[in-house]
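Asks: So you can see what is in the structure, the chains are spelled out below.
2 protein chains.
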Amino acid sequence: MEIIFKPIGVVHSPFKNEQDIPQKKFRGPGAFDKIKGELEIFSEFKAGLKDIEGFSYLILIFNFHKSERGKLFAHPPLDNQQRGVFATRSPNRPNAIGMTIVKLLGKKDNILQVAGIDVIENTPILDIKPYTNRDQKPDATFGWLDKNRGLTPIFGV
Amino acid sequence: MEIIFKPIGVVHSPFKNEQDIPQKKFRGPGAFDKIKGELEIFSEFKAGLKDIEGFSYLILIFNFHKSERGKLFAHPPLDNQQRGVFATRSPNRPNAIGMTIVKLLGKKDNILQVAGIDVIENTPILDIKPYTNRDQKPDATFGWLDKNRGLTPIFGV
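Chains as they are written, first to last, in my numbering: chain A, 1 to 157; chain B, 1 to 157.
To be clear, the hints were calculated from the coordinates, so they are not data collected in a lab.
If a hint is listed, it holds; no wrong ones were tucked in.
Cβ-to-Cβ under 10 Å is the rule here; a few derived chain B residues that face chain A:
1. Ala47
2. Gly48
3. Arg83
4. Val85
5. Met99
6. Thr100
7. Pro124
8. Asp127
9. Gly143
Here are the simulated DSSO-like pairs of lysine-lysine, each with C-alpha atoms no more than 30 Å apart in a straight line:
10. A/Lys107 / B/Lys71
11. B/Lys6 / A/Lys6
12. B/Lys66 / A/Lys50
13. A/Lys137 / B/Lys137
14. B/Lys46 / A/Lys71
15. A/Lys6 / B/Lys137
16. B/Lys6 / A/Lys46
17. A/Lys137 / A/Lys71
18. A/Lys6 / B/Lys16
19. B/Lys6 / A/Lys71
20. B/Lys50 / A/Lys25
21. B/Lys36 / A/Lys137
22. A/Lys50 / A/Lys137
23. B/Lys16 / B/Lys6
24. B/Lys71 / B/Lys25
25. B/Lys66 / A/Lys6
26. A/Lys6 / A/Lys36
27. B/Lys50 / A/Lys137
28. A/Lys66 / B/Lys71
29. A/Lys16 / B/Lys6
30. A/Lys34 / A/Lys107
To give an idea of the interface, some chain B residues facing chain A are shown, with a C-beta separation under 10 Å as derived from the structure:
31. Ile8
32. Ile59
33. Gln82
Keep in mind it's a predicted model, so treat the numbers as computed, not measured.
Every residue gets a Cβ at the ideal spot worked out from N, C-alpha and C, and that includes glycine.
Excised from the complex, chain A in its bound form:
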């Protein structure tokens, strides 16, 4: 069974490739909060952006287009051992789907200006959804990440 998707847009990011996101620099909490970028939605999907203003955060679902597929383990940069891939946000996973939450700063025609960008230039966008109260889990605990509290998991985690 194959499930086929097509990009609805692309990300414009100050990070041109993975090496532009130095792990050490972007470890603090909120490290990406000030990283601005744009979500360019292809014109045929532009009408679907109606009413998006007013949501302060958006769920960005994208394709890890530079990743290796099929890996079941990842060695997170914050950690000293291999972890099961589904306990990480590693780009190298069975389905190359990424998810990150960005702050919506503005909208101009088919472009969304956002902050909190932790993906690279030309990342294909698969979907955009509003972040809602059901996505807020203030009581969450974070497994192996808990011992690294204060560090920020980025896509490599």
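We have chain A already, so just place chain B on it with the hints.
Replies: Leaving out everything else, chain B in the frame of chain A:
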């Protein structure tokens, strides 16, 4: 450009089809919190579940396998008008990707026991990721949903 994914598992849900999720019954905040189900991960991907215990919430990314593709507007059940699809969580969207956050109750072999299930039986699972501190946005505002505060957006929103 086509992006091809294959399911890594399936959801087992008390909701056998969409009609089993009556909109009126499941409108209150936390309405789905007690709905239990299982995420069955296919055996070839089971090793990737290592270390997942300890994360209290998981991000479940799935395929809306019963939805209509390509719609740019949705009429949310909580609302009195059509909204741009990217300002809703409607299953009927250009790429049939769903995202919901579930509470991890336990793990037995290749089965994750979870609560907070708002999807139907046999929903194909595309990915599972840990919910981390970067996914907590306590300052979020919710656009057109704000006037319906207290109501719970479900997949139909």
